[in-house]
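Since chain A is already given, all that's left is putting chain B on it; use the hints.
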Amino acid sequence: MIIALDFVLRLALWIALAPLLPGIINKVKAWVAGRRGPPVLQLYFDLARLWRKGVVLSDLASPAFLAASAVGWVAIAAATTLLPVGPAGASLSFQGDFILLIYCLALARFCTVWAAMETGSAFEGMGSAREVSYAVLAEATLIAAVLALCVQTRSLSLPGMLAPATGAGAILLAGGLFIVLLAENCRVPFDDPNTHLELTMIHEVMVLDHSGPPLAVILHGASMKLLLFALLLTQAVLPTGHLAPAWAGVAIGAGVLAVTVGVGLVESLLARFAFRRVPLLLTMAFLLCLFALLIAWKGGAA
Amino acid sequence: MSASSFVLLGNGASLPWSTIPEWPVASFIRETSAQLERGGRLCSFFGVKDGAAVRLVAIVAFDADNLLAAGRSEPVDDRFPSLTLLHPQAHLFEREIWEQFGLIPEGHPWLKPVRRGAGTAPANGEFFRVDGPEIHEVAVGPIHAGIIEPGHFRFQCDGEEVIHLEIALGYQHRGVERALAGGPHRATLAQIETASGDATIAHATAHAMLMESLGGVEAPLQAQWIRALALELERLANHTGDIGALANDVAFLPTSSACGKIRGDFLNLTALLCGNRFGRGLVRPGGCHYDLDTERTSTLLARLKSSLADVEQAAAWFWDAASVRSRFESVGTVSAQQAAEIGLVGPAARACGLVRDVRYDHPAGWHRLAQAPVAVWPSGDVFARARVRSLEIQRSGAFLVDQLAATPGGAIHEAPPPPAPDTLAVALTEGWRGEVCHVALTDAAGRFRRYKIVDPSFHNWMGLALALRGQAISDFPICNKSFNLSYCGFDL
Numbered sequence: 001m002i003i004a005l006d007f008v009l010r011l012a013l014w015i016a017l018a019p020l021l022p023g024i025i026n027k028v029k030a031w032v033a034g035r036r037g038p039p040v041l042q043l044y045f046d047l048a049r050l051w052r053k054g055v056v057l058s059d060l061a062s063p064a065f066l067a068a069s070a071v072g073w074v075a076i077a078a079a080t081t082l083l084p085v086g087p088a089g090a091s092l093s094f095q096g097d098f099i100l101l102i103y104c105l106a107l108a109r110f111c112t113v114w115a116a117m118e119t120g121s122a123f124e125g126m127g128s129a130r131e132v133s134y135a136v137l138a139e140a141t142l143i144a145a146v147l148a149l150c151v152q153t154r155s156l157s158l159p160g161m162l163a164p165a166t167g168a169g170a171i172l173l174a175g176g177l178f179i180v181l182l183a184e185n186c187r188v189p190f191d192d193p194n195t196h197l198e199l200t201m202i203h204e205v206m207v208l209d210h211s212g213p214p215l216a217v218i219l220h221g222a223s224m225k226l227l228l229f230a231l232l233l234t235q236a237v238l239p240t241g242h243l244a245p246a247w248a249g250v251a252i253g254a255g256v257l258a259v260t261v262g263v264g265l266v267e268s269l270l271a272r273f274a275f276r277r278v279p280l281l282l283t284m285a286f287l288l289c290l291f292a293l294l295i296a297w298k299g300g301a302a
Numbered sequence: 001m002s003a004s005s006f007v008l009l010g011n012g013a014s015l016p017w018s019t020i021p022e023w024p025v026a027s028f029i030r031e032t033s034a035q036l037e038r039g040g041r042l043c044s045f046f047g048v049k050d051g052a053a054v055r056l057v058a059i060v061a062f063d064a065d066n067l068l069a070a071g072r073s074e075p076v077d078d079r080f081p082s083l084t085l086l087h088p089q090a091h092l093f094e095r096e097i098w099e100q101f102g103l104i105p106e107g108h109p110w111l112k113p114v115r116r117g118a119g120t121a122p123a124n125g126e127f128f129r130v131d132g133p134e135i136h137e138v139a140v141g142p143i144h145a146g147i148i149e150p151g152h153f154r155f156q157c158d159g160e161e162v163i164h165l166e167i168a169l170g171y172q173h174r175g176v177e178r179a180l181a182g183g184p185h186r187a188t189l190a191q192i193e194t195a196s197g198d199a200t201i202a203h204a205t206a207h208a209m210l211m212e213s214l215g216g217v218e219a220p221l222q223a224q225w226i227r228a229l230a231l232e233l234e235r236l237a238n239h240t241g242d243i244g245a246l247a248n249d250v251a252f253l254p255t256s257s258a259c260g261k262i263r264g265d266f267l268n269l270t271a272l273l274c275g276n277r278f279g280r281g282l283v284r285p286g287g288c289h290y291d292l293d294t295e296r297t298s299t300l301l302a303r304l305k306s307s308l309a310d311v312e313q314a315a316a317w318f319w320d321a322a323s324v325r326s327r328f329e330s331v332g333t334v335s336a337q338q339a340a341e342i343g344l345v346g347p348a349a350r351a352c353g354l355v356r357d358v359r360y361d362h363p364a365g366w367h368r369l370a371q372a373p374v375a376v377w378p379s380g381d382v383f384a385r386a387r388v389r390s391l392e393i394q395r396s397g398a399f400l401v402d403q404l405a406a407t408p409g410g411a412i413h414e415a416p417p418p419p420a421p422d423t424l425a426v427a428l429t430e431g432w433r434g435e436v437c438h439v440a441l442t443d444a445a446g447r448f449r450r451y452k453i454v455d456p457s458f459h460n461w462m463g464l465a466l467a468l469r470g471q472a473i474s475d476f477p478i479c480n481k482s483f484n485l486s487y488c489g490f491d492l
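Residue numbers (the numbering used here), protein chains in the order written: chain A, 1 to 302; chain B, 1 to 492.
Among these hints, one or two may not hold up.
Said to hold, decoys possible - Pairs of lysine to any residue residues, derived as SDA-like cross-links and limited to a Cα-Cα distance of at most 25 Å, are as follows:
#1 B:K49 / B:G102
#2 A:K27 / B:A145
#3 B:K305 / A:G34
#4 B:K261 / A:V266
#5 B:K261 / A:L265
#6 A:K53 / B:I143
#7 B:K261 / A:P193
#8 A:K53 / B:A145
What the hints assert, rightly or not - Cβ-to-Cβ under 10 Å is the rule here; a few derived chain A residues that face chain B:
#9 M126
#10 D191
#11 R272
Read the hints as simulated data drawn from the structure, not as lab findings.
Beta carbons are placed, not taken as given, at the ideal position from N, Cα and C, and that holds for glycine.
Excised from the complex, chain A in its bound form:
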């Protein structure tokens, strides 16, 4: 009973806190541009508004179109239960749980792509093709990063793995994971969450035909994914094991905030890349994580 309550409470916390992050990013962007910007809680208002709205469905779409957004959200929620949060640990953990986490995220992506293809729109087909092409590189990077953590900590479960060492490896890993975070969450320089230009979109164009509650679910899922990556990045490079639980919590919170502000600053100061240059940056991220892996593997022995 207590375990079930614990599980539900953790999930509720994830669900409740995740939409803060896009709000913080937008606030940072507004400040840099000298604007007042939307309220930090804007996404909550948007979700509430979308939830009350009706749904417009394409004639071409099968019921899978609606199911996909639900399954995608559940997959991301499942991934969040696997990620430990500092001293509080994870709801679930077992040997090799990190692989399940990566595959939960892959399942969510599959659902988005499927729903996009369901509509039969040329735009959404293009967006799907782009999303999948870049995912190939982003996933390889993520796996390399997780492998580096595995080798470093000689652990096969996330709670054990997220006890990072300091040094060159951590810096490489931070760089690689930050780039993956930007790519996976459709931020500048990979994608532009604010653009209205269908021809240049990746993620946004895939959800163009969603409306009402399914769109709310997709937006909320995206914010949970952003929080998940921010937490993963923070804990992969910030050693908090020796701190008292309360201070560890504060440190992790500060880390997530720093990552979020970092995303906002990148978006404020950098132009978006041309698509043909995106693979270069993702390959660089992969190499960073690969070198982190090499350091974890050989660095200890030297």
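Structure of chain B alone, referenced to chain A:
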């Protein structure tokens, strides 16, 4: 030039209709072609009703000689040999003649409507198609995601690469030319000013020049001075907006946010001049409706200088960012040869290395007395088009600061006499998008028998289509913004 050649005239001049040389239509097309081969550029090419038949009229510009040339055909009933085969810059004019009068340009390679489609919806005829297992077709518009005008873009793509782009417009067709016929009447000025609302001053000035030329007078010097100032303010506001829009499309926020505000500052300077941010009601045949007194001149100068410093800073962020430059370089390239063949005008032509600027080539009004250097950049890509705009902001700014130092003084308006009967008048101005060409032909009573407007967008849309060949489809928005053409100016 031989005696049987086109008749020459200057910008803002008029000629009796009977003195314009005429040929049987085949010879006329040959003669027009010869003019173009001699280095001419087709400014306007249109039909004029003559009884049941139609006469074709061509206005050719010789930029290097600062001269325009006009010629006409004898009345034609049904068909004429296409000029497009030799000179692609005529292609849209011939399609328009076919659409308006049913005259068939024989041999035209792509004869389809310009503004009206097959059915009731505009511009929905056959599109050029590329076939193949890997080819997919993307249709964008007429309704777009941003707050912009309607237009349809049909891409033939191989993956991310665009093989062909066809642009279909006509959704904004309001019948401006038809409404102007029989004028000038009470609505004429309002119709002219809204031909393309963001180029109000350029269109209104061209119209005013026509009316003055038809009346045989010239606007007072003070009015010419104010018109030149307003034209440059219009250019500053729009170029600043374009730089910001380009920054926005590559998600470069600092310049994008700043330029949106600075564009407003420039528009407000026009409002200081005449009470309207787009310059409506300023330019009138015979002069200007509002004067610029000393006090407002100094306010204008002070605010102008501060806005120019702001835009300089915003542009510097833009040009200093490697991430921005890498998006613009070698994207959407139009070669100088292509630009010359399809007759590009304005910043789009100057970004291909062509020196084409009405203020310099065909100076009229105040520009006979003072000029800004022509801004040219050779590379023909998005970078060049942004660069030319940036240079023009600097040069127009310097020009304005220079000209505001001293006012010619005197009257601002002297009502011109009524238009001369049976006369053809031509006026060009360099709007911020390029050459605005107005041609008026009066009837025996001095009313407009034909009023032809050629907005720079009419020449330049084809440039955008060519720029996209072989480009990534995701680069379409920045290519489009780098041209930033008018839909309503094209559709009229």
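Self-check item: Which numbered hints fail
Solution: Violated: none.
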